[in-house]
Structures are given as C-alpha cells and as structure tokens.
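Let's have the full structure, built from the sequences with the hints guiding it.
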Amino acid sequence: MAKILVVDDAKIMRANIKKMLMELGHTITGEAGNGQEGIDQFKLFKPDLVTMDITMPPEGLISDGIDAVKEIIKINPDAKIIMVTSHGEQDKVIKAIQAGASNYILKPLKIDKLEEVIAKVLK
Amino acid sequence: MNNDCEILTKLAQRTISYFHEDLAIEIDNDFSISDVDKIEYFDISTLISLNGDMAGTVGMSVTNKLSHTMVENFIYGDISQAEIEEMASENVAETLNITLGNILKELSVIKTGGNINISTPYTMHNSVSVTKKKNGKMFLCKIKSNDEIILLSYFV
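Protein chains in written order, with numbering that gives the first Met the number 0: chain A, 0 to 122; chain B, 0 to 155.
It is worth saying that the hints were derived from the structure and are not from the lab. There's no promise every hint is true.
As the list claims (entries may be wrong) - Straight-line alpha carbon distances no greater than 30 Å define the calculated DSS-like cross-link-like pairs of lysine-lysine that follow:
no., chain 1, residue 1, chain 2, residue 2
1, B, Lys110, A, Lys91
2, B, Lys104, A, Lys69
3, A, Lys91, A, Lys10
4, B, Lys141, A, Lys109
5, B, Lys9, A, Lys91
6, B, Lys141, A, Lys10
7, B, Lys9, A, Lys112
8, A, Lys91, B, Lys104
9, B, Lys104, A, Lys79
10, A, Lys112, A, Lys10
11, A, Lys109, B, Lys133
12, A, Lys119, B, Lys141
13, B, Lys37, A, Lys109
14, B, Lys64, A, Lys109
15, A, Lys18, B, Lys64
16, A, Lys94, B, Lys9
Below, the structure is given as structure tokens:
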C-alpha cells in the first residue's frame with residue numbers, strides 16, 4: 000500500500016479522495032490546498048504517489064497543478080503523479096502528462112476507477 | 000438551438016444524470032427553461048464566468064437542505080453533520096464545476112473549433128437576486144429534486 004499526498008484546492012474533494020484512499024488501504028502522508036503547498040509537502044514527506052487537481056488558484060510562482068507537476072518532477076524525475084480533472088480539460092491533461100504526470104482520473108471520482116489508475120501507476 | 004439555450008439544456012441534462020448516477024438523489028427528468036428579467040437565487044449559489052468564443056455567466060443555486068443532501072451523497076463513506084455544513088457551499092461550487100466541465104466539449108462552439116475558458120467558481124450565500132442587463136440575455140432553468148428546486152442560470 001502506498002503513502003499518498005493529496006493536492007486539491009477544494010476541501011470537499013480532498014476529503015472525498017482521502018476517504019477513498021484510506022478505504023483502499025493507502026496512507027495519507029499529507030494534504031495541500033494549492034500547488035506550492037503540494038511541492039513543499041512533497042519535499043517534506045516524499046510520498047509514493049501524488050493526486051493533483053489540475054485547476055487550482057495561483058500561489059506564488061505556481062499558477063496551477065501543471066506548474067506543480069513541473070516542480071515536483073524537477074525534485075524527483077520518477078515521481079508518480081495522478082491528475083484529477085474534469086472532462087472539459089483535455090488540453091490541460093495533455094500538458095500535465097507532457098510535464099511528467101503519470102496518469103489522470105476524471106471527476107466525479109469512483110473508488111473502483113481510482114483503484115485501477117493507482118494500480119497502473121504504481122505497477 | 001441557439002448557444003444560450005444549448006448550454007443550459009446540456010447543463011440541465013448533465014445535472015440530472017449527475018444527480019441520478021453520481022449522487023443517487025431523486026431528480027425529475029423534466030426541466031423548463033425560460034427567458035427572464037431577474038433571478039432570485041436560493042440559499043447557496045455558485046457562478047462561473049465564461050470567456051473566449053462564448054461569454055456569459057453560468058449559475059447553480061440550491062437550498063441549504065438540498066445542499067446538505069448533496070454533500071452526504073457526494074462524500075464516500077460516513078460524514079458528520081459538522082462536516083456536511085462546512086462543505087455544503089464548496090460542494091455546490093464543485094458540482095457546477097464538474098457538470099459544466101463535463102458538457103463543454105459537447106457545445107457547438109467547441110465542436111466547430113472554438114475555445115471557452117471557465118473561471119473558478121464564485122459562491123454566494125443567502126438569497127440574492129440578479130437583474131438582466133440592458134440589452135442583455137438571461138435564462139433560467141428549474142429542475143425538481145427531493146421536493147426542492149435546483150436553479151440553473153445563464154446570463155450575458
């Protein structure tokens with residue numbers, strides 16, 4: 000089971016993902032409400048996996064989840080990051096994958112789909 | 000179908016399927032869209048602005064009671080009453096964000112190569128009203144759910 004960092008500006012999304020991850024037997028190492036906090040927590044906790052919302056309000060030099068992915072990949076090129084996104088954000092998903100994200104999952108989240116994507120990424 | 004009614008029609012259809020399939024909340028399959036001069040919103044209302052090849056503001060408004068049911072059914076597993084109340088307004092914002100994001104690619108303007116940018120949601124509490132601008136357009140959609148009404152709106 001993995002140590003996972005959850006990054007999302009919406010507390011309700013973080014709460015939902017955390018409950019699903021814990022049900023799947025994973026450990027939540029931390030949670031962050033913006034990309035910069037996510038980067039800081041990644042350095043601190045060195046999680047096995049990050050779930051990252053694509054669209055978040057800017058914080059410092061980090062304008063969204065894609066910027067956060069770029070910074071995390073600079074810290075650890077092998078970092079495993081799953082983007083959390085809506086259907087209408089395909090262009091952003093492509094940019095995130097190009098930046099180094101491992102995979103993505105669409106909102107609204109389903110626990111079985113989340114389990115499947117995590118298994119693929121951690122394989 | 001013009002773009003104004005198209006976005007509201009598709010948003011209403013997606014809202015109905017989202018309530019049925021993702022929240023498991025009772026909701027009517029029928030809805031009505033009308034041209035209005037003023038909208039009286041309910042307890043919690045979220046607005047998202049559109050710009051690019053389609054401009055305007057899309058909104059969703061529900062009562063506190065329905066917003067609480069939405070949180071209970073959105074969150075996986077158990078949730079306390081305090082958490083429900085804390086996350087109710089954010090959940091309405093997230094609901095509109097998800098459903099609007101889901102339908103964007105189905106809009107004619109996108110299918111013909113256009114682009115629409117959506118803002119982060121802006122949420123208002125308590126009943127507020129919005130009046131149509133001079134030469135503006137304003138549409139309101141009502142959907143019945145759990146003996147409550149969901150308001151979806153689009154105005155420019």
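For each hint, the structure was consulted:
no.: 1; hint: B/Lys110 x A/Lys91; in the structure: 18 Å, holds
no.: 2; hint: B/Lys104 x A/Lys69; in the structure: 27 Å, holds
no.: 3; hint: A/Lys91 x A/Lys10; in the structure: 22 Å, holds
no.: 4; hint: B/Lys141 x A/Lys109; in the structure: 28 Å, holds
no.: 5; hint: B/Lys9 x A/Lys91; in the structure: 22 Å, holds
no.: 6; hint: B/Lys141 x A/Lys10; in the structure: 28 Å, holds
no.: 7; hint: B/Lys9 x A/Lys112; in the structure: 25 Å, holds
no.: 8; hint: A/Lys91 x B/Lys104; in the structure: 14 Å, holds
no.: 9; hint: B/Lys104 x A/Lys79; in the structure: 28 Å, holds
no.: 10; hint: A/Lys112 x A/Lys10; in the structure: 21 Å, holds
no.: 11; hint: A/Lys109 x B/Lys133; in the structure: 44 Å, violated
no.: 12; hint: A/Lys119 x B/Lys141; in the structure: 42 Å, violated
no.: 13; hint: B/Lys37 x A/Lys109; in the structure: 38 Å, violated
no.: 14; hint: B/Lys64 x A/Lys109; in the structure: 25 Å, holds
no.: 15; hint: A/Lys18 x B/Lys64; in the structure: 24 Å, holds
no.: 16; hint: A/Lys94 x B/Lys9; in the structure: 27 Å, holds
Hint compliance for this structure: hints 11, 12 and 13 are broken, all remaining hints hold.
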